[in-house]
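Peer 1: Place chain U on chain H using the hints.
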Amino acid sequence: MTDLPETTERKLGLVIDLDTCVGCHACVIACKGWNDVAYGAPLSDQDPYGADPSGTFLNRVHSYEVAPEEGPPQLVHFPKSCLHCEDAPCVTVCPTGASYKRAEDGIVLVEEDACIGCGLCAWACPYGAREMDMAEGVMKKCTLCVDRIYNEHLAPEDREPACVRTCPAGARHFGDLADPESAVSRLVAERGGMDLMPEQGTRPVNKYLPPRERDRMPAAPALEPVAQEPRGFLGWLDRTLDRLPGGRG
Amino acid sequence: MTRPEPDLDTSPRISDEVRKTTCYMCACRCGIDVHMKDGRVTHIEGNRDHPVNRGVLCAKGAAGIMQHSSPARLRKPLRRVGPRGSGEFEEIDWDEALETAVSWLKPLREEAPERLAFFTGRDQSQSLTSWWAQQFGTPNYAAHGGFCSVNMAAAGIYTMGGAFWEFGQPDWERTKLFVLFGVAEDHDSNPIKMGLGRLKERGARVVGVNPIRTGYNAVADDWIGITPGTDGLLILSLIHELLRAGRIDLDYLARWTNAPVLVNSDPKSAEHGLFLRDDDGKPLVLDRRTGKPAPFDAPGVQPDLAGTWRRAGLTHRPVMHLIAEQYLDRAYAPEAVADRVGVSAERIHALAAELARVAFDEAEEIPYPWEDFRGERHESVTMRPVSFHAMRGISAHSNGFQTARALHVLQILLGTVERPGGFRFKPPYPKPPEAHPRPHAKCEKGQPLGGPHLGFPQGPEDLAIDDDGRPQRIDKAFTWENPLSVHGLMHMVISNAHAGDPYRIDTLFMYMANMAWNSSMNTRGVIDMLTDTDESGDYVIPRIIYSDSYASEMVAYADLILPDTTYLERHDCISLLDRPISEADAAADAIRWPVVEPDRDVRGFQSVLIDLGARLDLPGFVDDDGAPKYADYADYMVNHERRAGVGPLAGWRTGERGLVHGRGAPNGGQLDNYKANGGFFLAEIPDEARYMRPWSRAYQDWAVAMGFYDTPQPYLFQLYAEPLRRFQLAAEGVGDRQPPEHLRERIKATLTPLPTWYPPLGDGHADPVEYPLHALTQRPMAMYHSWGSQNAWLRQIHGVNPLYMHPDLMARHGLSDGDWARVTSETGEITVPVAPMAALNPNTVWTWNAIGKRKGAWALDRNVPEATKGFLLNHLIHELLPARGDGLRWANSDPVTGQAAWFDLRVKIEKSKPPGESLPVFDPVFARGLP
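Residue numbers (the UniProt record's numbering), protein chains in the order written: chain H, 1 to 249; chain U, 1 to 931.
Hints listed in this document are in silico derivations from the structure and should not be mistaken for laboratory results. This structure is a prediction, so every number in the text was calculated from the model and none was measured. A portion of the hints provided could be inaccurate.
What the hints assert, rightly or not - Residues of chain U clear of chain H, computed beta-carbon distances all greater than 12 Å:
1) Glu-88
2) Trp-94
3) Ser-103
4) Glu-364
5) Arg-438
6) Gln-447
7) Asp-623
8) Val-660
9) His-661
10) Asp-672
11) Lys-675
12) Ala-705
13) Arg-795
14) Arg-822
15) Glu-826
As the list claims (entries may be wrong) - In silico DSBU-like cross-links for lysine-lysine, where the CA-CA straight-line distance does not exceed 30 Å:
16) U:Lys-445 - U:Lys-200
17) U:Lys-869 - H:Lys-80
18) U:Lys-675 - U:Lys-629
19) U:Lys-200 - H:Lys-80
20) U:Lys-675 - U:Lys-76
21) U:Lys-869 - U:Lys-913
Note that CB positions come from ideal geometry on N, CA and C, so glycine has one too.
Here chain U stands alone, though its shape is the one from the complex:
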């Protein structure tokens, strides 16, 4: 049969308008084109001009339309009427909601500001939320970094003034060997996929180091299925091999790092391990021209890596000596580490050899005239086409800080950082720790905090402890337990508040953090803490205010709900003052704006916070007459100035002769300028400022002109991190501020100034024989925390999360696909479905993250697989390590930064009868229907 072909309309109009804003379906913050028809959102695709995604968009981003229309969206402010956890609320209007909040918060500010704990989860407006908390005067503020990847950020900043993702990127166009350590696939997801695509096009080699071969590791040319928690040991073994073979970049190390800085090497000295400095406090190096010490940045100085110097009877040795001494030890030889890392010595040798070959044998000199901070002119820059990337896989261990440090030291020894083919910073980075604030935690009644909460301590004097050594913050950040907790410890807030340790709080105020479910360790315990009452029947945590867009599990545990909009209904700024979205060759920022108005009685949280700030008369939120200073967040984005001429948005500010970028006065039309430009702003870095930027005069001058800092900040990469040594020195008994006795040995062992490796702290508790398996979660690429698993389209992709395990392991336990296993850790037990996977470290089991849902939440039916078969490993992970008889409970966190050690988990498994649904089973929330 032959029919005439039908007449097709091949040019339909699916939209009458495209509105360009910023995605919020994960943390990448891609540009999106939102297609509108008759005022409704019809389709979302990537913005081709946007620096982050250049037109592409992941599954989450394209499924944003379902997030926007989700039946779980909250509709109106709510006041709890049933007991906490019941999810029984009554609707109230906004005035009543805000006045209720003010009636709780105002007396706290006047009497005891620290009794407010404000923690903001997956907040993309930390520049505002932190400033609000600062003006309120509570020391208790942080976002979710402490339970995410603070190890990566902190190790990067302390080592080289920037880390991966928002801080910098591989030179995708030139790198020839790319080594990817464990990475959460929602972190920098589109840029990494785009970068991998470029590498594949060019035939560059991709090496994946990860216990699990999914996603990026599936396309890696070589997969190293490492044992979890041993990445640091592998990296130090690579360093051992490279040093031993002399395959390191000595010229780079001498000029741009602290390898030549002289270190007091007299164990009897009170300054043992600290740098030799001149009267201005500048670290000294031996100048090869004179053989005498000179400040590291003196004009023309040629630092020597080899010579030692005696002054006042004390020997001073260059950092390079200490590095050689430490890492040439045969304890780091591939043969010595192979068993522990689960990688053969031959493969470690091969990887070391390949790193050396590509970094040095495929190096090229590229013409690039530039001037360094010592005033020396250079005509070229060396291409070292080796690059690395890592995120949570190495970060979320209790040895993650030192592991991330080790990785940065490896990059630096190879001379790849800030060179073509290697790792390149993104503005406003590079920025050394000294150019960041230090922590502020001392609060006074009715007064703002003295400065930002979060910062980079340089030594014990910067800890947030009072004269008696008591923590000033509810999460105990910046204490001897975790001195460099630069993102706070959100995962400890509820636990500490419940214990009244270090003190009791009154109001817990949270935003976008599902702490009653997938964002907490020990979920059952946290739920009990949120609902626990004292002898008079009052809640131990008296008041909880929560803001979210959706009926999440956490909503059910709050007393007052401030309903947020969806991301298509709100203003936001993706600010250079916050977590930037720049590229290696350009600074960038962006906005969100309401491409549709909410059809519910909800308000953007940031506007609500500004309103609350005014109602509380917080400085900066009211003018001299006490009138609100900003109408809403949009007004703040345009008119707020953090420093003269520096505001949340860097593009299209008002200069003396028209619009300028970077520094300038507010411009009333700024948001229109952003919208006209596709929702973002981009400032290309001048040609002569694109490489070697920590040391480049042209870059430093440009950064000052843009307002990133007020004076040039050239610095050396810190292979040897002196701030760590200052804490260690205190632990050895030096100085006025002394750690408690029980922490001395741990500080000595873990806050080492050169990267070290120690087994995950949990391993000291969970006996590896009794609990032989490592248990991990991974974020599916198509989902971001708990949003994705209620999205109508995305849940059809990842609706179930079995526990994947090696077929050999299954066979040993008599398990088949679809069977159930009891999984036990030292602190918990779950019973869950299992499935086989061979491309897996044989001693590791894993599942997808944040798919398991509590019945009744998220507008899902109660019998959905997410609630009946889905599960969380969180039940197996405690925020405290098991008691070990010393009368103390140690946090399950990195001892340097406090990063939640999610991936230290060890378990054992045994076959179970199918229990009908995953255990443990929880009662439904919102039993009487969604609010």
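Just chain H, same shape as in the assembly:
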């Protein structure tokens, strides 16, 4: 079994805004595209043009209907990838030490050369965030684009995870959640950022910003009429026009 670092200097992670996510799956495919050519083995697809296409994705979007007690039903789009937990059960369960959490930034990774593909980590993860690559037989997971965020060959503004860079609605934010002054920490504080399934005791680094209250347009009193019928309206029009610049009044 594998140890976790006692502390990490930074806690790099994602803040995902469920109020803004439109469920477009841009992050899903950007992740697939980058990680297909980046860290470790490519993300394979089985039967890509067949009856049961099934490939490795490190990030997926699920959609849930929510029925509030008052008001119409809602649809919440919920992107999910590894949450880089502080108490990551996927790491401690790993028999080879292939799964590990980096001391410097808290990113949870799989060292693919040491992975025997036993799948214990996927069983241990309460979020279902790990996927076995069926072609390579190694466990794949979100790397927080560790090969982008420090990549000296990328322009500084591109040193962020592919999912964050691509998100059209700006619903995904990347930063250091150990730093209370970071933009992501401030967002979490302002918007009541939440842990996913805190009862699992995993202490996820990634946070979710909950949807704002919906369907609360003020039931304002109806607009006050200036007239009840066209003739009265035209009288109002005359009077009002006179008060406009250049009016006759």
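Peer 2: Same frame as chain H, but now just chain U:
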């Protein structure tokens, strides 16, 4: 166990070069960075500098790499050898393919140019394809607008000189209340998502009006689950409330709209309902300074909204009077419309109140010195932070034109258009209908058409009918059936050609339009028309030429295939002469260029068209010696001039002293300039020309300098659309050009000069009791028509499309998730899997669009869920309304524009035994393997 952390390479190089071009995975045309390694495409991401997407990219765009490597790519020109529909072809070389096409087309041009029908689907090169058709001389050309969103475009242009999407955008940075009506999520998709993100950051309120709460509506602060086809009634009710409360912008209406224009109000006059004009034809307003009529644009004129004027015994009333009279009618009161729109009167009141509050109580004066077209100086502009957006949801109904008009009138009454916080045009818009061409359809043997096919009719004199009233176009565009069909009616071409009505054609030439499957109404019927033979055994539609990149269903029905490249292997121009990609603060255009060369014997369709043009000796495609004028599309993009100094690309042209933008002579190095700039060109609008542009001298002068038009074109917003009144007047019996008797009443009722609402025409046929449910499709955000559903990555996201319905409805029919239902319309029947969804108008069922595939097509295995469980609603939608005993078959289209009324569909459902696969079942195409 503790292991030392492995040594990671955190700076790998995934590419040795980045090539910047333009996406084609939907119609947005975002800029993309294509990462290359060892000459191969490795990764695609958004171009941070590009005006459309500013670095972001949707799922489709990032999955473009799989489109580029798709096994469905065509490899070589093909000649059909089996019967149509079998998909049996032999490969031929390009010379043979092109000479075959020439041997078919040349005699047509010489003898009967109209016997070629050239329609181009999801074409992004309409400026070229339309010009080619014009030079050929056939009147039969259009792209796919008629079955997409022509209602939106036409209503916008006729009302305010521009519409949504390519024509303009909400002021995302300032708007505080954004109301979004039904929108196809691939139309302007990244810009809308980016805009919603900005609104969310600022805490602005987003209201979604849509029967289905997915996507943008899912994040809307308020969702109004309207009954399909009633948006116009809701909007007119909002107008009623705002008028009644006097919460309209009178100063704006008086100065910048035709609200003060005087209208002949004498029902006995032959000009009843037309504007009072001076000898120069200028509409007249009452000038508040003198109390007398004056041209609307006279220097210093102060138009009056209230006064009437009698001339020669005829009363003339300002448009504002007509608006008040029509919309203050209690028939539009929230209480009177609530049941029909499916929204409570309280919510309509609340929305009206919120619109008024934000537009007027949160208004601000922003310092902005500018001069209007009447010569008046202004020191500020008013911010009215309310904006709207809409697309196909309101457009694809048979009342969509008037609904879109109503929405524009609402924006204008609030005074939000071209003001900070409201709706802002994108160059080359604003542009009034009069500044567009009028339709041209009169053809002569061996001669080019007299002008562009598509245009904006001003009255019956512009219809494309001959002296006997017969349609000149195969799609019957610009006829009394749909006078303002400004994008043509692609969905009627095959049906009319098969019926020989109005005449027979010889060759159907199509590009990138899957008419044998998801792009046609009545798919089964269309397939039968494509394969039908006459008594001598010849096909009723004798010849079909088709160009596509992929083995789509339509490929199987063509006789000659001209295989296109993928979008990464081609030149293209995203031209200001075409569908622009500008932003509110800048004009922009862009190119595609081959970031990789094709590894197959395929050619970009536009280059092929240019080659064909030269082989056919079309004017403009050959020089004086008859030699080809352009080597290929790239050459055309650089060297073609539509008018002196105005070409397909506006950036880096040759001026007297070096490179210039806008107008200038061709520049041989232009494409290199584009590539060096990231594949696009951007011209910022001068500071003093950013608002109030239809009336701003600074903007008008800049637009002329850029070459958008040749003289300033200031105009008034047309709350009252006089061209519509001219058609209505004809229907009342006035004038030489008269509609056929059976259309008079419909024209009177639907071509009203002020926006109106009438129930979707299909409702007059499909009895709402017998067919109580509305049935809709939506485009998934991760897919664009039939490409997406064969993309290896995207089909893992949306591989199935059940029919979603409200749980209460399911319960009433004893249906559970995964059960099957028979869905019946008046003209068709399908049996499909169902799934529950509560965030849905309870009388609406829906599914994702264009996922259902025909077995054998698109290089998918025959047993894929797209082909066994996927389905199309198209089988339930006929291009004609059911017969109603008058001996006529009425088109299932908007009577104003001919827009395909996809969303008028009404159905009933009943539980079915699982049939094994979705019904109807079709035989596989390409049974002997992909070509």
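Peer 1: Against each hint, give a clear statement of whether it holds in the structure.
Peer 2: Status of the hints after comparison with the structure:
1. Annotated as non-interface, U:Glu-88 keeps its C-beta farther than 12 Å from every C-beta of chain H; the closest such distance is 21 Å.
2. Interface exclusion of U:Trp-94 from chain H stands, the closest Cβ pair being 28 Å apart, more than 12 Å.
3. Interface exclusion of U:Ser-103 from chain H stands, the closest Cβ pair being 37 Å apart, more than 12 Å.
4. The claim that U:Glu-364 lies off the interface holds: its Cβ sits roughly 18 Å from the closest Cβ of chain H, which is beyond the 12 Å cut-off.
5. Here U:Arg-438 stays apart from chain H, with its beta-carbon at least about 36 Å from theirs, past the 12 Å limit.
6. At roughly 48 Å, the least C-beta separation between U:Gln-447 and chain H is larger than 12 Å, which holds for a residue marked as non-interface.
7. Distance to chain H confirms U:Asp-623 as a non-interface residue, since its nearest Cβ pair spans about 45 Å, more than 12 Å.
8. No beta-carbon of chain H is positioned within 12 Å of the beta-carbon of U:Val-660; the least distance is around 31 Å.
9. Its beta-carbon lying about 27 Å from the closest one in chain H, U:His-661 satisfies the requirement of being farther than 12 Å from that chain.
10. In this structure U:Asp-672 is separated from chain H by more than 12 Å, as the shortest Cβ-Cβ distance comes to about 23 Å.
11. The non-interface label for U:Lys-675 is consistent with chain H: the shortest C-beta to C-beta separation is roughly 19 Å, beyond 12 Å.
12. Once the 12 Å rule is applied to beta carbons, U:Ala-705 is consistent with being away from chain H; the minimum gap is 32 Å.
13. Distance to chain H contradicts U:Arg-795 as a non-interface residue, since its nearest Cβ pair spans about 6 Å, not more than 12 Å.
14. For U:Arg-822, the condition that its CB be more than 12 Å from all CB atoms of chain H holds, with the nearest at approximately 25 Å.
15. The claim that U:Glu-826 lies off the interface holds: its Cβ sits roughly 31 Å from the closest Cβ of chain H, which is beyond the 12 Å cut-off.
16. At roughly 59 Å between alpha-carbon atoms, U:Lys-445 and U:Lys-200 are farther apart than 30 Å, so this suggested pair is violated.
17. Between U:Lys-869 and H:Lys-80, the direct Cα distance comes to roughly 27 Å. Compliance with the 30 Å bound is thereby established for this hinted pair.
18. For a cut-off of 30 Å, the pair hint linking U:Lys-675 to U:Lys-629 stands: about 24 Å separates their Cα positions.
19. With a C-alpha separation of about 21 Å, the suggested pair U:Lys-200 and H:Lys-80 falls inside the 30 Å cut-off, and the hint holds.
20. The hinted pair formed by U:Lys-675 and U:Lys-76 meets the criterion: a straight-line CA distance of about 29 Å does not exceed 30 Å.
21. Taken as a hint, the U:Lys-869 and U:Lys-913 pair is honoured in the structure, with Cα atoms around 14 Å apart against an allowance of 30 Å.
Hints 13, 16 from the earlier list are contradicted by this structure; the remaining hints agree with it.
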